[in-house]
Structure formats: C-alpha cells, structure tokens
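Q: Given next are the chains, with one letter for each unit.
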Amino acid sequence: MLQLASIKKSFSGKEVIKEVDLSVNKGEVVVIIGPSGSGKSTLLRMINALEYPSGGDILLEGNSILFKESKGKKHPYSEKELSRFRTEIGMVFQGFHLFAHKTVLENIIEGPIHVRKMKKEAAIEEAKVLLEKVGLSDKQDAYPHSLSGGQQQRIAIARALAMKPKMLLFDEPTSALDPELVGEVLVVMKNLALEGMTMVVVTHEMGFAREVGDRIVFIDQGVIVQDAPPQHFFHSSNKNERIHKFLNTLTRNAV
Amino acid sequence: MNAIWENIVDFMPSLLQGTVITIELTILSLILSLILGLIVALGRLSKNKVINRICSIYISIVRGTPLLVQMMYVYFVFPSFGITLTAFQSAIIALSFNEGGYLAETFRAGIKAVPTGQMEAAKAVGMDYSKAMQRIILPQAFSNVLPAIGNSAIILIKNSSLAAVITVTEVMHQGNLLAASTYQNMLIFTLVAIIYWILHYPLAIAVNYLEKRGGKRNVTASQH
Chain A
1 MLQLASIKKS FSGKEVIKEV DLSVNKGEVV VIIGPSGSGK STLLRMINAL
51 EYPSGGDILL EGNSILFKES KGKKHPYSEK ELSRFRTEIG MVFQGFHLFA
101 HKTVLENIIE GPIHVRKMKK EAAIEEAKVL LEKVGLSDKQ DAYPHSLSGG
151 QQQRIAIARA LAMKPKMLLF DEPTSALDPE LVGEVLVVMK NLALEGMTMV
201 VVTHEMGFAR EVGDRIVFID QGVIVQDAPP QHFFHSSNKN ERIHKFLNTL
251 TRNAV
Chain B
1 MNAIWENIVD FMPSLLQGTV ITIELTILSL ILSLILGLIV ALGRLSKNKV
51 INRICSIYIS IVRGTPLLVQ MMYVYFVFPS FGITLTAFQS AIIALSFNEG
101 GYLAETFRAG IKAVPTGQME AAKAVGMDYS KAMQRIILPQ AFSNVLPAIG
151 NSAIILIKNS SLAAVITVTE VMHQGNLLAA STYQNMLIFT LVAIIYWILH
201 YPLAIAVNYL EKRGGKRNVT ASQH
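Line by line, the protein sequences are chains A and B. Taken in order, the first sequence gives residues 1 to 255; the numbers are from my numbering. Taken in order, the second sequence gives residues 1 to 224; the numbers are from my numbering.
In isolation and in its complexed conformation, chain A is listed as follows (with noise of 0.2 Å):
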C-alpha cells in the first residue's frame, strides 16, 4: 500500500534519514521504534510530506505523492496538490494540536465539511459515531482546553478517523500524556488496529508494540537497523547490540 522508496531527509546540510526503504501493506501495524534523534519522527513526517524529502519517493497505492510526471520528467507537487494526499493519510500527533477555538464536534467535522466537502448533517452523523468509538460522546460541545490530555488525543484520533483515511500515522501519541491517561488512548488504538486500519506508529510503548505492531522498525542515526516481527525483535535471541541497548535502557528508567 505504502512505499517509501530511498528516502532521504536533510537538514541544513546535516543528514537526518540516509537513503531508508521501507514499505507497509494494507491492514499493517508498523510500529517504529528508536533513540530520540534518531530521525523516526521526521520519517513519519514524511510519509504525509509535512516534511518534504530531501530524496527519494514515497508511493501510496503506486503513484507518487510527492511527483507529478510530464514529459517524461518528474516535477514536484505544489504545496496545494500535496494537500490532496494528506486527506488520504491521517495524522495523530504527539501535541494534540485540536484546533483551540473550535468545540469537540467542529473539530471532527472542520475536515470533512471543509476539504471533503460533505453535507454539514452527514459530517455531524459521522461524527457522534466517532465520538462514541473514542468514548467521549458527552464532550462533543465542550473546548479542547477542557479536556484532559488523555480525552484530547481520543479526539484526535476521532478527527483523523472522520477523513476516511486510507492509513493512520501516530507520531508518538502518549508521550505528552500523564502515565495514568495512556492506556485510554493506547485501547482505542488498539482497537482500530483489530478493525483492520493500516497504522504507522512511532511510540516509546514497548508493550503496545509488543501486542498490537506486527512489524517493529527500529531506526538509529537515520537507518533502518531492523525491520521484524515482534516475537522476533523482543526476543533474547535477538542478538543485535544498538537495540539490546536501547531496550535495556527503557527497562532501567521503567523501575
């Protein structure tokens, strides 16, 4: 479904993602894993080109998003065509980022209404359905400011969900969240992967990983280390010294 294809990041000359392939299918959880600074949040960043790659190409279904060809010759997408893409691909953030001036309900139906262009009743129908998903049906009219960290990222979820994406990106969703608010938010994610919806997640939740992922990517200084199934990356056997070190040190600032 998912292709990304020698892709390449660079920032002001430092290079953060080296020539990375990776490619997700239809119904994956990929969850992507690594150190701070190891580049996988700017990859994820990508695959909706709120970072625009450096190099390389990004494929949904098999047509570039990042590319247009005329002539023969590649030319880049406005940032008005790119646009288009970014409502097949949704996107959950680690700040919330709810539109503060809009309630719960105009923030799930801003995209819908306003990009999709759907009927104002059809989006609000959606909607409470959403909310009802999130478990947050009662909240529709309240302000994001309201809301705790935990109910504000469900909303997210909700507001990503509304624009029928094709996939999901989640780009560490429970880091800015107190301990207690992250099992919330990690059930509904849970749930959506049992529904079958393509996710990219980048999390520091080894045990969300361990369980939902079915694929681990773990990225250090802009490479993909390895790309395996949890049963394998999680297991003594796995041999491989940056990610037995990476490991070892959540396990010592969880006790």
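Treat each hint with caution, since some may be false.
Stretches of chain A that chain B covers, calculated by requiring three or more beta carbons in the stretch to come under 8 Å of a beta carbon on chain B [to be verified]:
hint, stretch
1, 84-94
2, 109-118
Here are a few chain B residues that sit away from chain A, every Cβ distance over 12 Å (derived from the structure) [what the hints assert, rightly or not]:
hint, residue
3, LEU36
4, ILE61
5, MET72
6, SER80
7, PHE88
8, ALA180
9, LEU191
10, ILE198
In the EDC-like style, the derived pairs of lysine to aspartate or glutamate whose C-alpha atoms are separated by at most 16 Å in a straight line are [unchecked claim]:
hint, chain 1, residue 1, chain 2, residue 2
11, A, LYS80, B, GLU120
12, A, LYS80, A, GLU51
13, B, LYS158, B, GLU24
14, A, LYS139, A, GLU106
15, A, LYS80, B, ASP128
16, A, LYS128, A, ASP141
17, B, LYS131, A, GLU81
18, A, LYS74, A, ASP57
19, A, LYS8, A, ASP220
20, A, LYS18, A, ASP220
21, A, LYS190, A, ASP214
22, A, LYS14, A, GLU51
23, A, LYS26, A, GLU88
24, A, LYS117, B, ASP128
25, A, LYS133, A, GLU195
26, B, LYS131, A, GLU79
27, A, LYS68, A, GLU79
28, B, LYS47, A, GLU79
Hints are computed from structural coordinates only; laboratory data are not their basis. Computed from a prediction, not measured in an experiment: that's the story for all the values here. Where a beta carbon is used, it is the ideal one built from N, C-alpha and C, also for glycine.
Using the hints provided, position chain B relative to the given structure of chain A.
A: Frame of chain A, contents of chain B only:
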C-alpha cells in the same frame, strides 16, 4: 457662570458637527487599515522575497516618518503626481496608510503566536495554506490581537486630529476656528479635550474587557 453656559451652547453645534467628521474619519480609516494591515502581515510572512521586501519597506516608511508629514504629503504632494484628492480623502488615505503599518505588525505577532501545531494539524486534514489560514490560524490570531486592535483604534481617534492641519473640518479644526474668532481658548479646547475623552471611553472599556477575557482563557489553556 451663565455666560459660560451661553458660550457652550453657542459652540456645541459646530463642535458636534466636527465630532461626526472625527468619527467618520476614525471608522473609515480603521476599516481600511485593518484590511491593509492583514494583507501586509501576510506579505511579511510570505516566502516570496519580493513581496516580503515590499512589505518591510512600507512598514519602515510608516514607522520612520511622522504622521503629520504623511498627511501633508498626500494632500500637497500627490497633486504633483496628478492625484488630486479632497482634504477628507487625503486624511483617510494618510491615516489608513499609517495605521495599516502598525496593524500589520500587530497581526504578524498575532499569527506567529498561534502554535505551529495548529497549521500542521490543518494540513494533516488536507487543508492547503490559504484554507488553513482562513479557517484555523486567522480566527485564533484575530482573537489574540483584539485588545491590541482596540488600543490602535483609540490612538487612531486621537491621531485623526492631525487632519485639522489639512483643513478637514473635524472636531479639532472646528475648535481652532472657534478659538480664532472668539479667543475663548480655555473653554473651547477644554470642550475639545472632553469630546475626545468621551469618544475613547467605550473603546477603553472594551479593551479592558477583552484583556481580562484573554487573560482568563490563557490561564485555563495553560493548565493542560
């Protein structure tokens, strides 16, 4: 005492006529300068270097020259370029041009104060830049800068008194005329001052209210 009252009754009709012109000057200039300010603010945030530069130069001219000079320039120099305007039109243009420069900086600060995540989230639901600006960024920026716009409007009311020097018959000019013919300087300029104070008062209350409301909102927002 009676004599003073009689004078006041004599002076008020022309002062009130002037007040109407002052209000017209202020409202029209405010509307034009809000539009101009928004356009220039977006120009200053634009990645296009030429547009960016033009907007910076404009702001620099507004800041670097006195409003009085700007007003004289429009009224007395524009005719040399074949643009002849009435005193009232000249005053509107000079006031809007001047206020637009300051409002542009206000708007720019307001837009920059909206967290970058809001733009990213708007893009992530498929909005392009201009839709994200219209639907998500500007409404928040506008509510951020509403108190500052109120303060600008107050300054604009008082700045409009400079239109007197190019013979716009607003309240200051009317006061000047009365003073020249009656020598009642103290009474007349006291009345003029009181009129300006009364004009500014509702705006001052509005600004106070908006600042309090903004303060409260920020407190609730930062708790999370």
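Q: Now tell me if each hint is right for this structure.
A: So, going through the hints one by one against the coordinates:
1. Check result for the stretch 84-94 of chain A against chain B: holds, 6 residues qualifying (beta carbon to beta carbon below 8 Å, three or more required).
2. With 5 residues having a Cβ less than 8 Å from any Cβ of chain B, the stretch 109-118 of chain A passes the three-residue criterion, so the hint holds.
3. Consistency note on B:LEU36: stated as away from chain A, and its beta-carbon is indeed over 12 Å from all of that chain's, at 24 Å minimum.
4. Its beta-carbon lying about 31 Å from the closest one in chain A, B:ILE61 satisfies the requirement of being farther than 12 Å from that chain.
5. Consistency note on B:MET72: stated as away from chain A, and its beta-carbon is indeed over 12 Å from all of that chain's, at 43 Å minimum.
6. Residue placement check: B:SER80 keeps its beta carbon more than 12 Å from all beta carbons of chain A (closest about 44 Å).
7. No Cβ of chain A comes within 12 Å of the Cβ of B:PHE88; the nearest lies about 38 Å off, and the non-interface call holds.
8. Remark: the non-interface label on B:ALA180 is consistent with the geometry, its nearest Cβ contact in chain A lying 53 Å away (cut-off 12 Å).
9. Non-interface status of B:LEU191 relative to chain A is upheld: no Cβ of that chain comes within 12 Å, the nearest being about 44 Å off.
10. Against the 12 Å criterion, B:ILE198 stays outside the reach of chain A, whose nearest CB is about 34 Å from its own CB.
11. For the hint linking A:LYS80 to B:GLU120, the alpha-carbon distance of about 14 Å falls within 16 Å, and the restraint holds.
12. Taking the CA atoms of A:LYS80 and A:GLU51, the gap is near 14 Å; set against the 16 Å cutoff, the hint holds.
13. Pair hint B:LYS158 plus B:GLU24 holds up; C-alpha atoms about 13 Å apart against a cutoff of 16 Å.
14. Between A:LYS139 and A:GLU106, the direct Cα distance comes to roughly 11 Å. Compliance with the 16 Å bound is thereby established for this hinted pair.
15. In summary, the hint linking A:LYS80 to B:ASP128 is supported, as the alpha carbons are separated by about 5 Å, within the 16 Å threshold.
16. For the proposed pair A:LYS128 and A:ASP141, the alpha carbon gap of about 11 Å is at most 16 Å, so the pair holds.
17. Note on B:LYS131 and A:GLU81: the hinted pairing holds, with a Cα-Cα distance of about 13 Å set against a maximum of 16 Å.
18. About 11 Å separates the Cα atoms of A:LYS74 and A:ASP57, which keeps this hinted pair within 16 Å; it holds.
19. Between A:LYS8 and A:ASP220 the alpha-carbon distance is near 14 Å, which keeps this suggested pair within the 16 Å criterion.
20. Proximity of A:LYS18 to A:ASP220 is assessed by CA-CA distance (about 10 Å); at most 16 Å being required, the pair is judged to hold.
21. Pair hint A:LYS190 plus A:ASP214 holds up; C-alpha atoms about 12 Å apart against a cutoff of 16 Å.
22. For the hint pairing A:LYS14 with A:GLU51, the CA-to-CA distance comes to about 15 Å; that is within 16 Å, so the pair holds.
23. For the hint pairing A:LYS26 with A:GLU88, the CA-to-CA distance comes to about 13 Å; that is within 16 Å, so the pair holds.
24. Our distance criterion of 16 Å between C-alpha atoms is met by A:LYS117 and B:ASP128, whose separation comes to about 14 Å.
25. For the hint pairing A:LYS133 with A:GLU195, the CA-to-CA distance comes to about 12 Å; that is within 16 Å, so the pair holds.
26. The suggested pairing of B:LYS131 with A:GLU79 holds, with an alpha-carbon distance near 12 Å, which does not exceed 16 Å.
27. Distance hint between A:LYS68 and A:GLU79 is fulfilled; the C-alpha atoms sit about 13 Å from each other, no more than 16 Å.
28. The hinted pair formed by B:LYS47 and A:GLU79 meets the criterion: a straight-line CA distance of about 13 Å does not exceed 16 Å.
Hint compliance for this structure: every hint is met.
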